[in-house]
Amino acid sequence: MLTVEGLECAYGEALVLRGVSLRLAPGQVLGLLGRNGAGKTTTLRAIMGLLRPRAGRIVLDGRDLGALRPYEIPRLGVAYVPQGRGLFPFLTVEENLRMGLLVRDGDRRRLEEIFELFPALRERLRQRAGTLSGGEQQMVATARALAADPRYLLMDEPLEGLMPLLVEALLGVIGQLRARGVGVLLVEQRIEAALRAADEVALMEVGRIRYQGTAAELANHPDVLQTYLGVRRDRRVGG
Amino acid sequence: MIASGHLFLALLEGLVSGLVLALTALGLSLVFGVMRIVNVAHGEFFMLGAVIAWFFSAALGSFGLALLAAPLAVGAIALAADRLILRPIRYAPEATIVATIGLLYILQQLVLMVYGPYARPVDAPVYFRVEFPWFGYSGYKLVVAILAALLLGATWLLISRTRLGLYMRATQQDPDVARAFGVPTERVYAASFALGAMLTAVAGALVVPIQQAHYLMGLDALLLSFMAVIIGGLGSLRGTLAAALLIGLVDGVVSVFFSPTLAKIVASALVALVLVGRSGGLFGEGAT
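Order-wise, the sequence lines are chains A and B. Mapping the first sequence onto my numbering, position 69 (from 1) lands on 69, and the numbers just tick up by one. Mapping the second sequence onto my numbering, position 232 (from 1) lands on 232, and the numbers just tick up by one.
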């Protein structure tokens with residue numbers, strides 16, 4: 001179980017998270033939705049240890065992550081797909097994937113499993129990641145995180161800019177991860193897709209979780225989405 | 001015949017000094033590339049390498065041991081500087097420039113106090129002359145060139161083939177994401193800083209039998225390294241290597257046929273030309 005309790009984070013004087021609490025269970029997909037600037041990315045960065053919280057706790061299976069150095073957190077099985085993909089653009093695809101493998105000293109057999117999920121990557125191993133198309137880069141970003149053999153996966157807008165076909169493919173991968181017991185925290189602007197993928201949904205507004213419920217519940221309360229995301233269900237949240 | 005002999009000599013001298021400069025400049029380029037800091041004290045690591053090599057040669061009577069001891073000692077000094085100076089100021093670009101200027105003077109004046117204002121020679125560990133059709137040439141200088149080339153190759157392998165090298169390149173490109181993939185970036189910074197210092201310390205040690213050890217010898221090394229890094233393109237190790245060899249060869253040729261002063265002027269003009277025409281350097285920012 002990955003638990004966030006009363007998390008407060010600030011950039012300088014600006015308080016961005018004002019007491020965020022979340023629970024992510026193994027095999028659960030938790031959608032974290034909200035407008036731009038609500039604090040979704042900051043929440044993920046804080047869990048990864050890239051930002052030191054001002055208050056609150058992040059606990060992974062009983063272990064307080066606040067006491068750890070940032071590089072120790074991924075080794076416990078928390079992997080990250082950063083916003084904008086965050087690939088190492090001048091490393092080859094193979095080297096990017098190796099960065100994932102090295103986190104928990106996985107061997108190359110793990111890559112074979114990943115190529116079954118993303119067959120197109122096999123052809124691109126020698127290419128610099130920065131020269132790939134957007135969709136391919138997104139696949140590498142997800143594949144790199146999977147190479148780290150995560151128990152919990154934090155994904156920051158993995159669907160951004162993907163063609164519908166790739167969106168379906170990625171949602172399929174998320175479904176497979178769930179089936180294998182991986183907990184996925186999915187930050188997404190594509191509400192429709194996120195609601196389909198998620199078991200539970202948390203809605204963020206100005207640094208707080210304003211609503212939490214099952215995706216099915218939320219589907220029956222379009223007014224809630226309207227209130228916190230400012231959209232009707234059939235539209236994306238504004239860019 | 002005479003002219004071709006001169007040209008050969010000039011190119012040979014240029015190649016030797018270019019390879020030594022490449023070691024020094026590669027260290028500076030590595031530190032700038034991975035850590036994004038301009039290490040103004042880089043030349044002092046060159047000087048320390050030379051002075052420590054002199055010390056160990058004098059104390060142990062073995063230049064071979066000195067050649068090992070100098071980079072190890074300088075690497076340890078660099079690690080201490082990283083831990084005590086650079087890390088506390090969080091590698092902030094402006095602050096590190098000021099801090100390394102301070103480090104430059106501290107190291108220089110410490111050496112002046114302990115070692116004195118002398119230029120001290122060390123006997124070359126090998127004596128032989130290689131006979132070319134026009135002249136004989138110092139065998140030691142050829143050994144220096146070969147060792148420098150081997151070290152450059154080893155550094156290249158380290159950066160392109162090892163886990164540390166991969167971590168260095170990843171940290172250079174995105175330190176936050178590197179951390180999120182288990183990279184202890186502060187240790188990578190420390191390792192890069194020490195490696196950069198050790199490369200230049202070896203270069204300093206290698207030239208002691210040719211140039212003597214002196215407490216101010218770091219300044220020229222720093223200046224020429226900066227030129228190589230700027231001409232080659234900031235952050236590009238490949239560019240730094242190419243530029244160092246180019247500077248060495250130009251320096252050799254112009255020194256032999258005209259004068260050493262003109263050689264420096266030409267090298268500086270090259271820097272100006274690159275900055276005007278291609279501000280990113282000959283090799284743009286990029287991989288290694």
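The set of hints was computed from the structure by calculation and includes no laboratory data. There's no promise every hint is true.
[As the list claims (entries may be wrong)] Between beta-carbon pairs, the in silico distance windows are: (1) B/Arg238 / A/Glu113: 30 to 38 Å; (2) B/Ser268 / A/Gly12: 48 to 56 Å; (3) A/Arg57 / B/Tyr105: 45 to 53 Å; (4) B/Val266 / A/Gly12: 46 to 54 Å.
From the three backbone atoms N, C-alpha and C, an ideal C-beta is built for every residue, glycine too.
Do the hints match the structure? See the list:
About 35 Å separates the C-beta atoms of arginine 238 of chain B and glutamate 113 of chain A, a value consistent with the hinted range of 30 to 38 Å. Under the hint 48 to 56 Å, the C-beta atoms of serine 268 of chain B and glycine 12 of chain A, about 43 Å apart, miss the expected range. Roughly 47 Å separates the CB atoms of arginine 57 of chain A and tyrosine 105 of chain B, a value that falls within the hinted 45 to 53 Å. For the hinted restraint 46 to 54 Å between valine 266 of chain B and glycine 12 of chain A, the CB-CB distance of approximately 49 Å keeps it satisfied.
Of the hints listed earlier, the one the structure fails to meet is number 2.
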